[in-house]
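Enquirer: Numbering of the sequence shown is given in numbering that gives the first Met the number 0, commencing with residue 0 and proceeding in unit increments.
Just so you know, these hints were derived from the structure itself, not from any lab.
If a hint is listed, it holds; no wrong ones were tucked in.
Calculated pairs, SDA-like style, for lysine to any residue (alpha carbon to alpha carbon, straight line, at most 20 Å):
#, residue 1, residue 2
1, K210, S168
2, K489, A457
3, K276, A251
4, K537, Q571
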Amino acid sequence: MSSTPEPANRGRVAVGALIIFLAAFAVCWPALRGQFLWDDMLVVHRNPLVTAELGPGTIWFRTDFPLSNVVFWLEWLAWGNHPVGYHIVNVLLHATSAVLLWRLLRRMRVPAGWLAAMLFTVHPMCVASVAWISELKNTLALPFYLLSILWYLESDAEPHPAHLAPKPSKWYWFSLGAFVLALLSKTSTVMLPVVLLGCAWWQRRRLDWLKTGPYFGLALAFGIMSIGFQTHGAMAGVAVQTENFCGRLAGAGMALWFYLGKALLPLHLNMIYPRWKIDAGALGSYVPLLMWCGVLAVCWGFRRSWGRHVLFGLGCFTVTLFPVLGFFNMYFLALSRVSDHFAYLPLTALVALAAAGLSYVLKGRGLSLAGGALVAGLAVLATLRAQVFVSEEALWRDTLTKNPAAWCAHANLGWILASQQKYDEAREHLLASLALKPDNAQAHCNLGRVFFLQGKLAEADEQFQAAVRIKPKDAEIRESYASALAEQGKSDAAAKQLREVLRLKPDTGARIQLATLLYQTGQFREAVAEYRQVLAVKPDQPEALSNLAWLLATSPDSAVRDGADAVRFAEQGCRQTGYQQVKMLSALGAAYAEAGRFPEAAATAQKAIELAKAGGDTRLAAINEQLLRLYRAGKPYHMPPPGAARPEAQ
Numbered sequence: 000m001s002s003t004p005e006p007a008n009r010g011r012v013a014v015g016a017l018i019i020f021l022a023a024f025a026v027c028w029p030a031l032r033g034q035f036l037w038d039d040m041l042v043v044h045r046n047p048l049v050t051a052e053l054g055p056g057t058i059w060f061r062t063d064f065p066l067s068n069v070v071f072w073l074e075w076l077a078w079g080n081h082p083v084g085y086h087i088v089n090v091l092l093h094a095t096s097a098v099l100l101w102r103l104l105r106r107m108r109v110p111a112g113w114l115a116a117m118l119f120t121v122h123p124m125c126v127a128s129v130a131w132i133s134e135l136k137n138t139l140a141l142p143f144y145l146l147s148i149l150w151y152l153e154s155d156a157e158p159h160p161a162h163l164a165p166k167p168s169k170w171y172w173f174s175l176g177a178f179v180l181a182l183l184s185k186t187s188t189v190m191l192p193v194v195l196l197g198c199a200w201w202q203r204r205r206l207d208w209l210k211t212g213p214y215f216g217l218a219l220a221f222g223i224m225s226i227g228f229q230t231h232g233a234m235a236g237v238a239v240q241t242e243n244f245c246g247r248l249a250g251a252g253m254a255l256w257f258y259l260g261k262a263l264l265p266l267h268l269n270m271i272y273p274r275w276k277i278d279a280g281a282l283g284s285y286v287p288l289l290m291w292c293g294v295l296a297v298c299w300g301f302r303r304s305w306g307r308h309v310l311f312g313l314g315c316f317t318v319t320l321f322p323v324l325g326f327f328n329m330y331f332l333a334l335s336r337v338s339d340h341f342a343y344l345p346l347t348a349l350v351a352l353a354a355a356g357l358s359y360v361l362k363g364r365g366l367s368l369a370g371g372a373l374v375a376g377l378a379v380l381a382t383l384r385a386q387v388f389v390s391e392e393a394l395w396r397d398t399l400t401k402n403p404a405a406w407c408a409h410a411n412l413g414w415i416l417a418s419q420q421k422y423d424e425a426r427e428h429l430l431a432s433l434a435l436k437p438d439n440a441q442a443h444c445n446l447g448r449v450f451f452l453q454g455k456l457a458e459a460d461e462q463f464q465a466a467v468r469i470k471p472k473d474a475e476i477r478e479s480y481a482s483a484l485a486e487q488g489k490s491d492a493a494a495k496q497l498r499e500v501l502r503l504k505p506d507t508g509a510r511i512q513l514a515t516l517l518y519q520t521g522q523f524r525e526a527v528a529e530y531r532q533v534l535a536v537k538p539d540q541p542e543a544l545s546n547l548a549w550l551l552a553t554s555p556d557s558a559v560r561d562g563a564d565a566v567r568f569a570e571q572g573c574r575q576t577g578y579q580q581v582k583m584l585s586a587l588g589a590a591y592a593e594a595g596r597f598p599e600a601a602a603t604a605q606k607a608i609e610l611a612k613a614g615g616d617t618r619l620a621a622i623n624e625q626l627l628r629l630y631r632a633g634k635p636y637h638m639p640p641p642g643a644a645r646p647e648a649q
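Make a model of the complete structure from these sequences and hints.
Expert: Written out as structure tokens, the structure reads:
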């Protein structure tokens, strides 16, 4: 029997959906004006589609969460570095999931489905997924997850002749396709086949093993791929957990009760919860798991009455949480064994169970009043929680208020304060982070930056070296160290670090920095080679075009100079900058002079002088006036040999 709303009810459905969308935006309103948080910029700007490492046709099955990466890329094309667009998309997806949950519960004839959808919409635990841009993975996966269940149930409802074996209907293929999209968005949806079996048992007291077989095959394949990506990607070289299977089993029981408690009473929510210790040898560690199994056993005992419904709800909650209970390693488990964003999908089962239970106890006006009060209370808590996600500083200060042992929060807050030039406070937080986790290479690196900015060069060097020792293959740490060394005038040491950066990964910024150091130390041939490599990868890189043209035109080494090439690169750079960039014009003038085109060189130098004066840059104006006199005399400019004074790199 189809659950399509009757025409008379479509207006009520539309109003109900509109209320859900308005509620979603209302509770998340504070976060809509929020910044990028934590690793938001990383998932956007290091997206292999944004960096052009992969293309839209090649990303599939080569990264974890490829569909989420594609959406991040599309958002980057649309919004760039403006976070509000990303936030709006997350809220829209969240509200869509709530409407689909209502539709699914209506299809399953679960009472109080709209109330369940509203509870999910305004639940404070959902804020960690909706207000955190990185968790688009959650908000994108859930609509496909719910659609897959809904269409699977629709395929069950289609009639077929009794004398023929049932054939897969279009709804079945739609369901299977939606499951693939859910897996491509986030692989924690792998437990959907078990949920489908649960639906069959709950509705018809039988299990559809044959029909769910393809779902289990997909879940197994994607699960193996995800474990591989996590092991060799996010967790490479990181010890996430040390517990054996028994210890992880005990931790799973503790996590189940934690999530149930936070779902029922969502107070003191945190970004990083204290990471509890597990003693696998203590019998008390297994009490939470035994109690959970006991509750499920009681429900099974009463399965012919109320127990069937409670068992189905708690069972869906349990199996959907299974991938994040600690049996499989994930990077976040190094910070905490639990997180609000892990509960985003499982929460749908709990709110459905809670709403149905409330409708069983209360009827009519009583249900409306109690449900309204519950929604209003959760909405207030969710709005307060969303305010924490307005800025990184607010997020990490809130985290440390509730969990002072969160070493990651200390490290992140320390660098934020350093960027605000609050160096003493920044140093305190970074030292606190290292006291809690001495092998935090990034904290050592950031502390080195703080010491350097304070002029404490010996202390800075000690911290940078510690960071390099801990993570010798971290290109970013070496690049930070190279920048500090370069600013101290230690060009050879800085160049050594940059060469190691380039060995670890190709990086345009590091190569430009290396080329500039080589120029400053008189290694002109090597500098030209590096700039040419930059342009081979990024032909329109303005700094490389300007500096390479300048070197090809003015190098004291005649073997390096090439007037024709200098003109080609300089003209390309000037076209890109609209002939409005003084240094680029200076390089073009020098290139014309080296090529013997002195009238053009003089005209270009004159334009550079006028632009420099208009911009108030008297130094560049004076340099170009000197160059102009040379060009008018029919002479090119060549830099003095290494060791003599020369203009800075263009």
